[in-house]
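Given the coordinates of chain H, work out where chain D should sit on it, guided by the hints.
For reference, the chains in residue letters:
2 protein chains.
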Amino acid sequence: MSEKVTASILIIGNEILSGRTQDVNISHIAKTLGDWGIVVEHCRVIPDVEQIIIDTVNEVRSKYDYVFTTGGIGPTHDDITAECVAKAFSVVLEQNEEIASRIKKRPAPDDVMQSRLRMARVPVGSKLIDNPTGGPQGFSLENVFVMAGIPSVMQAMLSSLDGTLKTGKVVRSHSVRLYLGESQVAEALSQLQDQNPLIDIGSYPFFKDDKYGTVIVIRGTETADLKDLALKIVSIGQAAGTEPEDMGLTT
Amino acid sequence: MSEKVTASILIIGNEILSGRTQDVNISHIAKTLGDWGIVVEHCRVIPDVEQIIIDTVNEVRSKYDYVFTTGGIGPTHDDITAECVAKAFSVVLEQNEEIASRIKKRPAPDDVMQSRLRMARVPVGSKLIDNPTGGPQGFSLENVFVMAGIPSVMQAMLSSLDGTLKTGKVVRSHSVRLYLGESQVAEALSQLQDQNPLIDIGSYPFFKDDKYGTVIVIRGTETADLKDLALKIVSIGQAAGTEPEDMGLTT
Numbered sequence: 001m002s003e004k005v006t007a008s009i010l011i012i013g014n015e016i017l018s019g020r021t022q023d024v025n026i027s028h029i030a031k032t033l034g035d036w037g038i039v040v041e042h043c044r045v046i047p048d049v050e051q052i053i054i055d056t057v058n059e060v061r062s063k064y065d066y067v068f069t070t071g072g073i074g075p076t077h078d079d080i081t082a083e084c085v086a087k088a089f090s091v092v093l094e095q096n097e098e099i100a101s102r103i104k105k106r107p108a109p110d111d112v113m114q115s116r117l118r119m120a121r122v123p124v125g126s127k128l129i130d131n132p133t134g135g136p137q138g139f140s141l142e143n144v145f146v147m148a149g150i151p152s153v154m155q156a157m158l159s160s161l162d163g164t165l166k167t168g169k170v171v172r173s174h175s176v177r178l179y180l181g182e183s184q185v186a187e188a189l190s191q192l193q194d195q196n197p198l199i200d201i202g203s204y205p206f207f208k209d210d211k212y213g214t215v216i217v218i219r220g221t222e223t224a225d226l227k228d229l230a231l232k233i234v235s236i237g238q239a240a241g242t243e244p245e246d247m248g249l250t251t
Numbered sequence: 001m002s003e004k005v006t007a008s009i010l011i012i013g014n015e016i017l018s019g020r021t022q023d024v025n026i027s028h029i030a031k032t033l034g035d036w037g038i039v040v041e042h043c044r045v046i047p048d049v050e051q052i053i054i055d056t057v058n059e060v061r062s063k064y065d066y067v068f069t070t071g072g073i074g075p076t077h078d079d080i081t082a083e084c085v086a087k088a089f090s091v092v093l094e095q096n097e098e099i100a101s102r103i104k105k106r107p108a109p110d111d112v113m114q115s116r117l118r119m120a121r122v123p124v125g126s127k128l129i130d131n132p133t134g135g136p137q138g139f140s141l142e143n144v145f146v147m148a149g150i151p152s153v154m155q156a157m158l159s160s161l162d163g164t165l166k167t168g169k170v171v172r173s174h175s176v177r178l179y180l181g182e183s184q185v186a187e188a189l190s191q192l193q194d195q196n197p198l199i200d201i202g203s204y205p206f207f208k209d210d211k212y213g214t215v216i217v218i219r220g221t222e223t224a225d226l227k228d229l230a231l232k233i234v235s236i237g238q239a240a241g242t243e244p245e246d247m248g249l250t251t
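In order, the protein sequences belong to chains H and D. Residue numbering for the first sequence follows our numbering, beginning at 1 and increasing consecutively. Residue numbering for the second sequence follows our numbering, beginning at 1 and increasing consecutively.
Simulated from the structure, these hints should not be mistaken for lab results. The hints are all genuine.
Straight-line alpha carbon distances no greater than 25 angstroms define the calculated BS3-like cross-link-like pairs of lysine-lysine that follow:
id : chain 1 : residue 1 : chain 2 : residue 2
1  : D       : K166      : D       : K63
2  : D       : K87       : H       : K63
3  : D       : K31       : D       : K169
4  : D       : K104      : H       : K211
5  : D       : K31       : D       : K227
6  : H       : K4        : H       : K227
7  : D       : K105      : H       : K211
8  : D       : K63       : H       : K63
9  : D       : K169      : D       : K227
10 : D       : K227      : D       : K4
11 : H       : K87       : D       : K63
12 : H       : K63       : H       : K166
13 : D       : K208      : D       : K232
14 : D       : K31       : D       : K63
15 : D       : K31       : D       : K208
16 : D       : K63       : D       : K87
17 : D       : K211      : H       : K105
18 : D       : K211      : H       : K104
19 : D       : K63       : D       : K4
Chain H with its partners taken away, still in its complex shape (with noise of 0.2 angstroms):
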């Protein structure tokens, strides 16, 4: 069995963590690095403090094989996620010429052009995201992934990574939908979760077309075992009176 290879998603400004700015970057990346195998264990949403940046970078790239960072590669006076990365590795900025040569495709003045060259600065060692969007391209450096943090912007980025990591067995979800309350289906599911410890049993109640429910989520790597285990949640929803629905694989 391929080894599992984790992930860490760091989400860096004070617009999300004000509210400001409602954060939809957490789940494209879970998503997309779930389906290539890297399973996301955690996320941090932090401000744009550097000494806080450059903890957290430290702190979580010793923990987890992937870092992916959101936000603060801008041009301006609060983009500073390079130079914070640059300093949690301990090696300096230095200009990138083809980042450069991207941003001066654009002619500007003078002083808008040394701004917006702030984003050609990446820290000593790193290798180039590309950026499908035409704009100036993310770095890595080791494990630690740095992505702008505008959602089309950070998603065309990410695709470009496609294929270039280091991936485990893919974790499927396959999903049942129960016209029953959590309560009703708690004690069963407990048993299920106890009798199948590889496979990750998840309970969420809904509210859909004036139907109360809940949609069982069972996770793992071998689908036919899913499969499986579906059926005899299945059985547990027809066993109470009801018509479950398998809903089959799901994101």
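Positioned in the frame of chain H, the structure of chain D alone reads:
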């Protein structure tokens, strides 16, 4: 000047880390606490794993004035937040009769009731957090507030805490919309930030109605100072031949 009061948010749940569920609790809690005068400085998303929950609760409760958790307080086997918080404080769980009597109002077969009564278990020494939706209450123990994960229930619980918490000065936001790229104002903003260390100046690019631009969000406790600074930012936009929009106080 009143002292700053800080908070940390813990989102507990595999469904957020897998990307299955889009979190909306962080921004709601952050905005609500911000309006009360409590600054959210840190958020984490962690899995339904006992030791991780215990260690994280203990780490953040010593660092921030308040900790707010969401998720993991339902009736099923994967709802382990209450017992983890109890273990973090080295106390045991006990059945709270006020929650139990609310749960018992809705009749159910014995085994179902047994599962539902899991939601009445709180760590010894807890206070209840009211649940205006009518469901089981949440609880707090010292500075840790344990709430439901379902957004509507969490929001109801949080609203019941209004007026009960220690608060500092409210950090207000004042925004100016500039029809200029970030790089075009980067240098001027950097100087303004140096001149105004008590105000946090953030710069957020946007694309709306076919126009590119940058929203400058300035945050601080003194609205008069924010207004003065906003006027300076408007001048920067005007000097560049554009018509900035002073959006006034914003969330």
